[in-house]
Amino acid sequence: AQSVTQLGSHVSVSEGALVLLRCNYSSSVPPYLFWYVQYPNQGLQLLLKYTSAATLVKGINGFEAEFKKSETSFHLTKPSAHMSDAAEYFCAVSEGTGGFKTIFGAGTRLFVKA
Amino acid sequence: DTGVSQDPRHKITKRGQNVTFRCDPISEHNRLYWYRQTLGQGPEFLTYFQNEAQLEKSRLLSDRFSAERPKGSFSTLEIQRTEQGDSAMYLCASSFDATAKNIQYFGAGTRLSVL
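Those protein sequence lines, which keep their order, are chains A and B. Residue numbering for the first sequence follows our numbering, starting at 959 and increasing by one per position. Residue numbering for the second sequence follows our numbering, starting at 158 and increasing by one per position.
The following block holds chain B by itself, in its conformation from the complex:
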């Protein structure tokens, strides 16, 4: 069990550029979640997948954001035409829902800075 892995750990980009983050969940976890965390706040839910199906998207996830989990394993989160307000920590988590207790295991996050 290697835990949830996120890449890159840090990303600095200029406003208007596109960025893509990757998340590798704990193997055999069928649920994968993306959260956004801004300074001084708790994580805010963005979207989640059960296997390859994206089952819910938060209103926080504007049209510039897209997430995929093509084979039900790793996931990518893309932000197009980044804005300064997108600067945040993007956290990925995974869980195994057989027990329905929804215990989520988090990665270390990707910190995005938009200049």
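Extracted from the complex, chain A is given alone in its bound form:
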């Protein structure tokens, strides 16, 4: 069975500081991995995806994530936080063989201080 663990339900950074949101996954088959962002009262927007190509994945809004199979991790980073990055971030995994079901982590709320 697949699962996702996001370490830290809340992360607070200062504007301009590095953003690091942690995600570990469990999957019995090669996974597809995703990061989504959710703003209040909105649906989820795809930030980036890993689908077995390059292990360093670049996404929108300056975010990137690195797939590390040995650590079963897919941490999300951004070099310099902006106030507009404050939101809820979800890591997700689905089967790498075109699986239909996506399993989401519990989410990490990012706060950005001025």
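No wet-lab data here; the hints were simulated from the structure. From the three backbone atoms N, C-alpha and C, an ideal C-beta is built for every residue, glycine too. Treat the hints with caution; some may be incorrect.
As the list claims (entries may be wrong) - Listing some non-contacts, in silico: residues in chain B with all C-beta distances to chain A over 10 angstroms: (1) Q163; (2) R172; (3) G173; (4) E185; (5) E201; (6) N208; (7) E209; (8) R216; (9) L218; (10) Q241; (11) G242; (12) A245; (13) I260; (14) S270.
To be verified - To give an idea of the chain A side of the interface with chain B (calculated C-beta under 7 angstroms), a few residues: (15) Y997; (16) Q1000; (17) F1062; (18) G1063; (19) A1064; (20) G1065.
Given the coordinates of chain A, assemble chain B onto it according to the supplied hints.
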């Protein structure tokens, strides 16, 4: 491309009433998913369709819940005899599985409050 559309955005109902939500996926997307999201949690899978066929239902989807996608386009999710525990955000997503990468695009959700 107008994105995934959900209606209504908010629904307040009394316990025991029936409610129905609608989802219009991105045109030409053959897969459609329903998720439920409670406060402080990630979305939980409820069910999914490939075209008009409902291919899987989560154990979370009790007998009071039913979903349809009659013509392989829009979908409805009905909850009968609502309970307070049904209060949540109901999210719809769609994808086009030709590449088998299962990138899902989400609607803004329907927030249900059961009083």
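Cross-check of the supplied hints:
Against chain A, the non-interface label of Q163 of chain B is violated: not every CB pair exceeds 10 angstroms, the least being about 8 angstroms. In this structure R172 of chain B is separated from chain A by more than 10 angstroms, as the shortest Cβ-Cβ distance comes to about 24 angstroms. Chain A leaves G173 of chain B outside its interface by the beta-carbon criterion, the shortest separation being 27 angstroms against a cut-off of 10 angstroms. At roughly 17 angstroms from the closest C-beta of chain A, the C-beta of E185 of chain B stays outside 10 angstroms, upholding its exclusion from the interface.
At roughly 8 angstroms, the least C-beta separation between E201 of chain B and chain A is not larger than 10 angstroms, which violates its mark as non-interface. At the 10 angstroms boundary, the C-beta of N208 of chain B stays outside the reach of chain A, the nearest C-beta of that chain being 13 angstroms off. For E209 of chain B, the requirement that its beta carbon stay farther than 10 angstroms from each beta carbon of chain A is met, with the minimum near 15 angstroms. Every C-beta of chain A lies more than 10 angstroms from that of R216 of chain B, the closest at about 13 angstroms, which supports listing it as non-interface.
The claim that L218 of chain B lies off the interface holds: its Cβ sits roughly 13 angstroms from the closest Cβ of chain A, which is beyond the 10 angstroms cut-off. The claim that Q241 of chain B is not at the interface with chain A holds, since no C-beta of that chain comes within 10 angstroms of its own (minimum 21 angstroms). Every CB of chain A is more than 10 angstroms from the CB of G242 of chain B (nearest about 18 angstroms), matching its label as outside the interface. Residue-level check passed: A245 of chain B sits 14 angstroms from the nearest beta carbon of chain A, beyond 10 angstroms.
At the 10 angstroms boundary, the C-beta of I260 of chain B falls inside the reach of chain A, the nearest C-beta of that chain being 6 angstroms off. Annotated as non-interface, S270 of chain B keeps its C-beta farther than 10 angstroms from every C-beta of chain A; the closest such distance is 13 angstroms. Interface restraint check for Y997 of chain A: the shortest CB-CB distance to chain B comes to about 10 angstroms, outside 7 angstroms, so the restraint is violated. Against a cut-off of 7 angstroms between C-beta atoms, the interface hint on Q1000 of chain A holds, since the closest Cβ of chain B lies about 5 angstroms away.
The interface hint given for F1062 of chain A is met, as the beta carbon of that residue sits about 3 angstroms from the closest beta carbon of chain B, less than 7 angstroms. Below 7 angstroms, beta-carbon pairs count as interface contacts, and G1063 of chain A has one with chain B at about 5 angstroms; its hint therefore holds. Because the smallest distance between the Cβ of A1064 of chain A and any Cβ of chain B comes to about 5 angstroms, under 7 angstroms, the interface hint for this residue holds. Contact between G1065 of chain A and chain B, as hinted, is supported at the beta carbon level, the nearest pair being about 5 angstroms apart and thus within 7 angstroms.
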